[in-house]
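Number of protein chains: 2
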Amino acid sequence: MPLDSLPPDFASILGPAGIIADPSDMEAYLRDWRGLWRGEAMAVLRPATTEEVAACVRLCARDGIAIIPQGGNTSMVGGATPEAKPRQVVLSLARMNRVLEVDTADMTMTVEAGLVLAHAQRAAEEHGALFPLSLGAEGTAMIGGLLSTNAGGNTTVRYGNARELMLGLEVVLPDGSVVNGLRRLRKDNTGYALRHLFVGAEGTLGIITRAVLRIFPAARETATALCAVPDEDAALTLFRRFRTADEGAVRAFEYMSGTGMDLVTRYVEGATLPLSERAAHYALVDLSASRERAGLRALMEGVLEAAMEAGEVTDAALAESEAQRAAIWRLREEHPEAQKRAGASVKNDVSVPVSAVPTLIREASEACRALIPGARPVPFGHMGDGNIHMNLQQPESMTAEDFLARSHDIMDTVNEVVRRLGGSFSAEHGVGRLKTDMMAGWRGGAELAAMRAIKAALDPLGIMNPGKVLPGDA
Amino acid sequence: MPLDSLPPDFASILGPAGIIADPSDMEAYLRDWRGLWRGEAMAVLRPATTEEVAACVRLCARDGIAIIPQGGNTSMVGGATPEAKPRQVVLSLARMNRVLEVDTADMTMTVEAGLVLAHAQRAAEEHGALFPLSLGAEGTAMIGGLLSTNAGGNTTVRYGNARELMLGLEVVLPDGSVVNGLRRLRKDNTGYALRHLFVGAEGTLGIITRAVLRIFPAARETATALCAVPDEDAALTLFRRFRTADEGAVRAFEYMSGTGMDLVTRYVEGATLPLSERAAHYALVDLSASRERAGLRALMEGVLEAAMEAGEVTDAALAESEAQRAAIWRLREEHPEAQKRAGASVKNDVSVPVSAVPTLIREASEACRALIPGARPVPFGHMGDGNIHMNLQQPESMTAEDFLARSHDIMDTVNEVVRRLGGSFSAEHGVGRLKTDMMAGWRGGAELAAMRAIKAALDPLGIMNPGKVLPGDA
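So the protein lines, in turn, are chains L and Z. So in our numbering, spot 57 of the first sequence is number 107, and the numbers just go up one at a time. So in our numbering, spot 454 of the second sequence is number 504, and the numbers just go up one at a time.
Chain L extracted, bound-state conformation (with noise of 0.2 Å):
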């Protein structure tokens, strides 16, 4: 496929730093971090402030040509990969990447969004502060994609997602006009709210370049522990004890199965269960509290000695150090990675309502092991807000190849479990590219329809990060 060359005006915009063209260099931008897709560019533009997105966009939008915005390309979904089309180019980014400003009066934070996600991190708690959001990626995701795609992760059972976290957004639009929502107010009624149609639309409605987040107060006091559970139904109802005891309490609620921990003991150097002996099911559970003496120890501890005394909790470690709590989410953080290294797998971020994830877990893990006989279930996440990577394993006597191209049968599977309880087909991942087929049968009818309304009033040209998110626009 001949590519077309890009226009000479985009480089007096961004000059030569602000342009990546050898193609070797380009590949980085080109392909996605879980290998599943690559696509070509014209170019990477790297523009270092708004206006020059502005200008860029600009352009394209003269010239016909897509552009497909990045921040960490950390996405599990394909969505911020370019496509194989010869007049496109990838949009990075990544040299916006300032801390702006922290107001610890206002519990504000403002941030370019090529800033990484760890940055923003330690840039609030330099100032005391902690801005909650925390996943797998946080050494390399950016803010502008974690807004895009409306990040999830460990903490949204007590903070929410990222839509929760931010106040004001400012974002240039498919025809390089500039939406000044750059607020920090928690209240504003003011017309349509622009900013909430921004966060989640993955980059097809226009680029997010800067954003004022939330931050709270950092936390005090901690306790975190591993349980072991007999089955999924107990932990469920370890999370509402704790929850009943104390909602504002539960920064974390994770869910591990036993054959998920095996993996990670058995394949991540240094993991080790800090159990006596294996489990079928376990429970994380993270409290964190901002104010003194919040006695979150004695919680923990009072909670579990009524689920054990209840059968509910049949063995469980309590972090003595933050090592020790380090250590505790290290088993959970590598499940992806044990994964990676024990063969092929095939991901499924869905979520249910809360209370039917102990159904969700059991039924799934049913229809995958008769779909696809010696297939190990990994179910794994985030209990507290309904949400698990319900992930299946290669048979270990099956070849990677084979395995994988049932992907789709897999998914399928797991999906019609998931839709019988009421949930979602893409819980915290979003739909890019992989999920575009499945809009059709799950928000077909009037959503689709009225999405697809948005997409053409403010992106006419269809300019902006095409083949994702919609089904059809390939």
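These aren't lab readings, by the way, just hints derived from the structure by calculation. Misleading hints may appear alongside valid ones.
Chain L stretches covered by chain Z per the calculated footprint, using a threshold of three residues with CB under 8 Å from any CB of chain Z [what the hints assert, rightly or not]:
#, region
1, 221-228
2, 402-412
3, 431-437
4, 507-519
Here a beta-carbon is modelled for each residue, glycine too, at the ideal position from N, C-alpha and C.
Position chain Z against the provided structure of chain L, taking the given hints into account.
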């Protein structure tokens, strides 16, 4: 103005109980409760089901009849009142007033749009839970209107606006199709967040018919105090003291002026100040917690003691009973009623970053006094989320009519200060028809253009609540 007559097929959809056409019976639907606007309608439609709403909307689309959706008709900005036009109907959601489900496992409540807020609160209470939205009009305002205006109220500082309390919506679009978004998921990233677009759209993009709302564990402990503070800065410092001591405990933090409190104690029977002497400024602190042994009384006393030592609080009354708590809240809630009895007033529902609230109160008060000598600023409201009702009471020497003739000058004067402080001209009341003129100046350029594009995309006939939110439709 001769009204057109309602086509007969509406009657076949709604039956006699579903249509009000008698002029005297219609009157209450044609006026807003503030008495500022009155419009016309061919009829008031009172559908009982989503299907009936959809069928009515389809007929209206077919016949080019404008629709004014109406809940409790408590808008402060004329958002639910028809214009004086010959070809429109009011569509009241009042008959769709059922609680469909309260689920304490998922902590959700599914309701119809015509449910009165107080009834929603009671339904949650009956299940041992809390629906935290709380505001003056709660005995009349309905869920559909509260969501359509993204209502705020007293508890936003802790629980967020109506938007944050909503998980899913069912909406009838302007073509009569139905968006079935009644999901009860904490995480669902599958395309554009349509539900967030309808929240705050004030009925101009569609009609909310049902909603899934979040509920919370009920409070096990509360502590409430009325504090006399020397100035606005001290009030803000007090808020920050409580937030620092226990961010999660502050359910409400309200500011009131000496002038406002004087009006309440003078004009409202039974309203008395529980402090030994009058102050120039007051703060109402309301703490609550769902956990056992939360120690809120000790927290309250500890913070107030420190604030008194620092000279930031000069006197305080702690509620010793539910009756005392209600009496303190009544001093705050009766502000609008007292203002009404004291003569004419101009309301300014504005917001600024929390840190700028003291400056807002001082500078806007001064500017108003300079504009109209003798006029009395009565600022009060939700200091903890930056939202102050920057109201102005007529001078005793001026007629109400002369004073109200200056309404727009007064709003402009307040808004000039608000704009300088990075605030918003409508914090929680919305735009309605009162503030459409301000949209171009405040949200002009790309923002307003994007809003107009969305309106045209979803309501190409312009039949949904015309004349509201967007300027120049009238």
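Now for the hints, and whether the structure bears them out:
1. 221-228: Result for this restraint: holds, n = 3.
2. 402-412: Answer holds; 4 residues pass the 8 Å Cβ test.
3. 431-437: Per the Cβ count (4), the hint holds.
4. 507-519: holds (count 3)
Violated hints are absent here; each numbered hint is respected by the structure.
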